[in-house]
Structures are given as structure tokens and as C-alpha cells.
Amino acid sequence: MKLPHPQKRSVRLLFSILLLIVFDATVSFHAMLRSADKKTHVLNFNSTLLKYAFVDISEPRAKQEIEQLLEGNFVGQGWY
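Each residue of the sequence shown is one higher than the one before, counting from 9 in our numbering.
If you are wondering where the hints come from, they were derived from the structure by calculation, not from laboratory data. Glycine included, C-beta positions come from ideal geometry on N, C-alpha and C. It cannot be assumed that every hint is accurate.
Pair ranges (Cβ atoms, derived) [as the list claims (entries may be wrong)]:
#	residue 1	residue 2	range
1	Leu58	Phe23	57 to 67 Å
2	Lys16	Phe37	25 to 35 Å
3	Ser36	Pro68	33 to 43 Å
4	Leu28	Ile65	52 to 62 Å
5	His38	Gln72	36 to 46 Å
6	Leu58	Phe37	49 to 59 Å
7	Gln76	Thr56	55 to 65 Å
8	Ser36	Ser66	46 to 56 Å
9	Leu41	Leu21	29 to 39 Å
10	Ser36	Ala70	47 to 57 Å
11	Leu78	Ser55	28 to 38 Å
12	Ile29	Asp64	37 to 47 Å
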């Protein structure tokens with residue numbers, strides 16, 4: 009049994025490496041395009057929802073508690 013010529017083996021190796029590089033570049037480019045596509049989507053926010061998100065529902069109570077703390081009036085707080 010005769011072994012293949014060494015030059016043929018080196019050409020096969022080079023071709024295999026080149027094919028692997030092309031495959032890797034194709035997969036990487038495809039993944040990069042997919043991730044870039046997700047970044048371009050702009051979320052549309054409803055202005056009413058933004059107004060409600062801006063309002064703090066505990067704000068009046070917090071102001072009252074702060075005023076009571078500053079005045080030293082702790083009646084009815086139920087501190088445990």
C-alpha cells in the first residue's frame with residue numbers, strides 16, 4: 009500500500025482549514041446580523057403609562073411622615 013504524496017496531504021489540510029475559516033466567518037456574520045437586528049427595534053411607550061410611572065403613589069404619605077418626624081409628632085404611627 010502506497011501512502012499519498014506529502015504535497016497532496018498539505019493541500020488537503022490547507023483546503024480543510026480554509027473551509028473551516030469560511031464556515032466560521034459565515035456563522036459569525038449571520039449571528040452578528042441577528043444581534044444587530046434586535047438592537048434596532050425601538051420600544052414605543054404610551055405617554056399615559058409614562059405619566060403614571062412618574063407619579064409616586066406613596067409620596068403624600070411619605071411627606072406626612074417626614075413632617076411628623078421633623079415636628080416630633082409621632083402620635084398614631086404605631087411604631088413597634
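Results of checking the hints against the structure:
1. Leu58 to Phe23: 57 to 67 Å: holds, 58 Å
2. Lys16 to Phe37: 25 to 35 Å: holds, 31 Å
3. Ser36 to Pro68: 33 to 43 Å: violated, 55 Å
4. Leu28 to Ile65: 52 to 62 Å: holds, 59 Å
5. His38 to Gln72: 36 to 46 Å: Violated, since His38 and Gln72 (Cβ atoms, about 59 Å apart) do not stay within the stated range.
6. Leu58 to Phe37: 49 to 59 Å: violated, 38 Å
7. Gln76 to Thr56: 55 to 65 Å: violated, 33 Å
8. Ser36 to Ser66: 46 to 56 Å: holds, 49 Å
9. Leu41 to Leu21: 29 to 39 Å: holds, 31 Å
10. Ser36 to Ala70: 47 to 57 Å: holds, 52 Å
11. Leu78 to Ser55: 28 to 38 Å: This hint holds: roughly 36 Å between Cβ atoms.
12. Ile29 to Asp64: 37 to 47 Å: Hint violated: Cβ distance 57 Å, outside 37 to 47 Å.
Of the numbered hints stated above, those contradicted by the structure are hints 3, 5, 6, 7, 12, listed in ascending order.
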